[in-house]
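Q: Protein chains in written order, with this note's numbering: chain A, 137 to 374; chain B, 1056 to 1582.
The hints are simulated quantities; they were obtained by calculation from the structure and are not laboratory data. Among the clues, some could well be false.
Unchecked claim - If you only want the chain A side, here are some residues facing chain B, beta carbon under 7 Å, derived:
id	residue
1	223
2	239
3	251
4	279
5	280
6	282
7	355
Cβ atoms here follow ideal geometry from the backbone N, Cα and C, with glycine treated the same way.
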Amino acid sequence: MTAMPAGTPAVELSQLRFAYRSGRDVLAIDHLLIDRGETVFLHGPSGSGKTTLLGLLAGVLQASSGAVKVLGSDFSTLSSGARDAFRARHLGYVFQMFNLIPYLPVRENILLPIRLDGHRRARLGTMSLDAAVADIAGQLDIGDLLDAPIGELSVGQQQRVAAARALIGAPEVIIADEPTSALDTDRREQFLQLLFASCRHAGATLIFVSHDHTLMPLFSRTVELGEINRAAVRSSRD
Amino acid sequence: MLIPRLALRSLRSRVLTTSLTVASIALSVTLLVGIEHVRAGVRESFAGTIRGVDLIVGARGGTLQVLLSTVFGIGSPNGAVKLETFERWKAHPAVKWAVPFALGDSHRGYRVVGTTEEFYTRYRFRQDGTITFVQGRAAASDSDVVIGSEVAERLKYTIGSPVVVVHGLRDIGTSSHEAHPFHVVGILGRTFTPIDRSIFVTLEGIEAMHEGEESPAVAKTPAKTAEKVATPDTKTKPDVPAAMPGASPPPGTPIVMPGASPPPGTPMVMPGASPPPGTPMVMPGASPPPGTPMVMPGAEPPTVATPTATARRTPSSTAARQAAAPAPAAEPARSVMFPMLETDFPLTSFLIGTKNRFEALMVQREMNTDLVEPLTAVIPGVALGELWQNIGSAEVGLRVVAIFAVAIGLTGMLVALYSSLEARRREMAIFRAIGAGPRTIVSLLVLESGLLSLLGCVIGVALVYAMLILGQQPIEQRFGLHLAIRPLGSTEWMYIGVVLAAGILIGFVPALKAYRTSLVDGLSPRA
């Protein structure tokens, strides 16, 4: 699991079925492949299973059948503890909002994944924690906020701190669930540019969920979930 | 390192919720430990009423009656015990010391105890409390009075205050011994026992008080008169029970035993039976000398048989006067130990200290089977335990209150902990997204709830001791209840253990829930 052949795709789904309650599939995806380094814009109508798919990709949910392979690891063969460890090591996750632990200052929030997982710490190499934080914060333009309490940050700043936390220690896959929906239009593009730059810098694959179609052209690839999720099609017919 | 730091930061960030939760836990712990302290205090102060005394001895009768009348001044004694009997037992080889008690009089509602100076040195209460004199000294002469602290306080008596003793326990009694005034010579320190509500005089004082009264005093006089008659026989034949005066009682002398409800087998004449002159004696259950006419008790049903002072007084003094009339010339014998008293001076009970604790049981058996004078010897600890069993419903009440307090306190505490943790599902979702496993999340939440419970317990216990330190004096003064400041007992530790365990366990619930709930739960802003 630790050895990641560079050639494996970032995400590979095949014959995926997922149901919260048995008999009612929420997701039914026959095949989806996302290569490394891609920036994927994932969209679809409400109820098309976007958030569920992200849960499966993050290893929080377990597929009912089929395979979810992230960086070549088949989640269906991993225990929930192993999936937790995998997530800590290889994934960065940005929520729509409320991404930060309110009682920790910016610096501590960014450092959380590093403190939680030794491998991610090791990936920093000889770089000190402070330097690593300063580096990623500088890329996302929040270098002067490191010691500020979370409550004093704007929503845009908070989302950038969340991105910094997702990116620190160079995880291979970044999953972002509508991270710009709470930002105004000007800020959205600015945030995305910073995010793209950082992903490129780290060589990370970005899977980005959004309703905002104006952002679509910025991505290297677009996936319409409603088209590939046969369960969503069926349920919309019901 | 990460988890304790996170837990502390998280607790500190929510000062208000944290302190409210801690306060709720602290209050329930205070309640639990406080109730337990009060319960133990009540029990201890009860059990500590009399210490250092191996046996309490009274006339044959119920053990509780002996205990209640002697130690607590409640109810009336079983009957009288002759001074002679006391002296006989005091000389017993196993007996180290003996202190006589003569009860039956009162002063303004406080009981008067006739005793000796040895009482003040021998009596112990609570752990090893001795009787102390705040002012003055022990009663020595027949006009000396020593008063308990509550008596001194309520009646505002000081050294030299005159005291007039009345018969019985209430002032409505007709016979007040005004002819023999006492003066306070000593005031005792507080003991938190019935001693505080007692007045002590010498046996000689009791005797002097009752002397020269036209109507002989109650409780004691019947016995005295009866015994006076019997004395010559007991003197000459010490082996024969005093109440069974051999073959030749002075003709026409009835034997009257004091005490309204003697146990079966006790010689007696039923009060109210008023035996006609010439009836020699009544001895139910005993084998009378051949040819002695026999009157069965119940042949003439008694009109009054209740064990009250009045019941005793009227018939027995009538009988006494009848008894006294035919034999006025009988010369009473004088006691050796108390030259001013006659050997038949009526005590109500006496306290015994044995040389060896184990001998107490032996002496007790000897006394309970004594043929000369029927006695009941009581081991104070055993009798107090028995009594506590009977009146301990207050304790049961406190226990029930404590159990309810546990339930309420724990529920409140758990609700507070649970809601504070439940409010943090969002936070848990973030931790999960970062890759925190169940161990991290569970240990974070359990550590937090454990810390809150621990802090609550520490503050709660501190609060109990603070309240004890501040409240000890006022509670003593107000309720006469001494709450000892002592280390936590096993029950208290158990309560604290339960609170801590519950606090830790409740942390698992939201932790496991947070782990099981999908990320989705914390993802959307709606959650």
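Q: Does each hint fit the structure? Answer for all of them.
A: These are the hints, each one checked on the structure:
For residue 223 of chain A, the shortest C-beta to C-beta distance to chain B is roughly 4 Å, which falls under 7 Å, so the interface hint holds. For residue 239 of chain A, the interface hint holds, since its Cβ comes within 7 Å of a Cβ in chain B; the closest pair sits about 3 Å apart. Of the supplied interface hints, the one on residue 251 of chain A holds, with its beta-carbon coming within about 5 Å of a beta-carbon of chain B, less than 7 Å. Here the hint on residue 279 of chain A is broken, as its CB sits about 22 Å from the closest CB of chain B, past 7 Å.
Given hint, residue 280 of chain A at the interface with chain B, is violated; its Cβ is 23 Å from that chain's nearest Cβ, farther than 7 Å. For residue 282 of chain A, the suggested interface contact is broken, since its CB lies about 16 Å from the closest CB of chain B, more than 7 Å. Below 7 Å, beta-carbon pairs count as interface contacts, and residue 355 of chain A has none with chain B, the closest being about 21 Å; its hint is therefore violated.
Checked against the numbered hints above, the structure violates hints 4, 5, 6, 7; every other hint is satisfied.
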